[in-house]
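J.: For reference, the chains in residue letters:
Number of protein chains: 2
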Amino acid sequence: MTSSSRLYVIKIGGQVIDDEAACADFLQQFAALPGLKVLVHGGGKLATRIGERLGITSQYVQGRRITDEATLQLVTMVYGGLINRQLVARLQALGCMAIGLTGADMDLMRATKRPVKEVDYGWVGDLMAEDVRVEAFVQLFDAGQVPVLAPLTHDGQGHLLNTNADTIASCVAVALSAHYRVQLVFCFDQKGVLRRPEDPDSVIPLIRPADVPALMEEGALRDGILPKLDNAFAACRAGVEQVLIGPAHALSALSASSSGQSFGTIIRL
Amino acid sequence: MTSSSRLYVIKIGGQVIDDEAACADFLQQFAALPGLKVLVHGGGKLATRIGERLGITSQYVQGRRITDEATLQLVTMVYGGLINRQLVARLQALGCMAIGLTGADMDLMRATKRPVKEVDYGWVGDLMAEDVRVEAFVQLFDAGQVPVLAPLTHDGQGHLLNTNADTIASCVAVALSAHYRVQLVFCFDQKGVLRRPEDPDSVIPLIRPADVPALMEEGALRDGILPKLDNAFAACRAGVEQVLIGPAHALSALSASSSGQSFGTIIRL
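Residue numbers (the working numbering), protein chains in the order written: chain A, 1 to 269; chain B, 1 to 269.
Bound conformation, chain A alone (with noise of 0.2 angstroms):
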């Protein structure tokens, strides 16, 4: 039992991972970053781009990618080998004691594939703070290491499930805030949440559940960013300290202001 420690949840996506000199700078910032942490990876292009050359042509229903058997051997590859491989050794480089996780590994994460209704989204687990068996964790940390999760977890009989980053990025940042405090960190192709979203430089420092009416009312919070804010207050009800959202280029700011106030966007209740 740890709990005054910090910990940092930091999920990067496809716009990071795409991006090599943006890749580049996030790995060192993170490598940087003192005490514990997490790092959360999503895809990017790549997984696409290798389907094709495979033949795989992914499905999407209402905007969500169908995970057929040859779809999840593809993400099992891009993700789970040559994404998530490749970041480990580069943080390795920068002497950040990194390990390579799915949610298999350790039983990490044991999700539940996601039940046939009007749609069959085939090898998808959704998961939940409760699947994330926290005393793994707690060894790694205490071992020193730095976990690096793709985002696939297990269903237990041996099959892996293909799992949203923010949803895990979420969950693991709940079940941590048991024993550590926690800030839930989502890098982002914006320095923030905008007030102004034709204004790059109209970021929003702090929303709090209160704001939002009035935030609205301005028409700030368009383009799908209500979702965010509510998964963010519901993050911070189940436990964790507080969420920022900003950019990948400027995460040294978390370790530089502990109010983490040059960071984007800080969310919390």
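Any given hint could turn out to be false.
[Claimed, not checked] Simulated restraints, written as ranges between beta carbons of each label pair:
| # | chain 1 | residue 1 | chain 2 | residue 2 | range |
| --- | --- | --- | --- | --- | --- |
| 1 | B | Leu-206 | A | Gly-35 | 50 to 58 angstroms |
| 2 | B | Asp-189 | A | Lys-117 | 43 to 51 angstroms |
| 3 | A | Arg-196 | B | Ala-70 | 43 to 51 angstroms |
| 4 | A | Arg-208 | B | Ile-66 | 55 to 63 angstroms |
| 5 | A | Gly-144 | B | Asp-68 | 28 to 36 angstroms |
| 6 | A | Thr-48 | B | Asp-68 | 18 to 26 angstroms |
| 7 | B | Tyr-60 | A | Gly-55 | 23 to 31 angstroms |
| 8 | B | Asp-18 | A | Gly-219 | 54 to 62 angstroms |
| 9 | B | Ala-24 | A | Asp-19 | 50 to 58 angstroms |
[Claimed, not checked] These stretches of chain B come out as covered by chain A in the derived footprint (C-beta under 8 angstroms, 3 or more residues):
| # | stretch |
| --- | --- |
| 10 | 41-54 |
| 11 | 78-91 |
| 12 | 104-111 |
| 13 | 136-147 |
Quick caveat, the hints were computed from the structure, so don't treat them as lab data. Model, not experiment: these values are computed from the prediction. Note that the Cβ used here is the ideal one computed from N, Cα and C, for glycine as well.
Based on these hints, arrange chain B on the given structure of chain A.
T.: Same frame as chain A, but now just chain B:
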């Protein structure tokens, strides 16, 4: 320090991975094997098949694959991703606390990129027993983990390296013999080393260095078995208790008989 514990380092090759029934059977026996254990896996034909579909055709020089950038990506995807991650998920379903790793994870195996002489082998790593970070393996065993190693190491400078799975198994076995009583097991498509290659039941139960001249005289030890024996004796001289060569489907014999006599051929000093 747990110098009295027995530890198995077990290597499976493509012939097990490519055959679904053989693989399922092997994993069941591996999961049931009591005590400390490490699984090292090779590749199988899957990498070649996926490579063909991706238009990556490997070049060979003197029977060794040249690992250019595209081939390294391919083996990282297939060995480090698809095969390794699936083996772990399947072992977890069998109650085995598996964790899938390359040499980059936890800095477990930092190899040397093979120097360019007459041939440039590309991204190939030469591993030595002293390159194995023993304390990281001890941490894993103390935490109840079962490492599943893909045939990939790293150079400590951000690159993964393609490394022969037999070499990884031998180096890990030798390195860990400082802490454990290590048995190194090579699973193989025959019942053991055969006295008469045409008779699949003519298994030689035990080979010691003094037996080699007579066996050669008889005409046994053909088909490239001599280098395997040399490597096995070298491993024993470096601290491994014994080397076993036998069929994957008979793995359970290891725990049934502590002398291991019903599993293939024992090689010791």
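J.: Check the structure against each numbered hint from earlier and tell me which ones fail, lowest number first.
T.: 9
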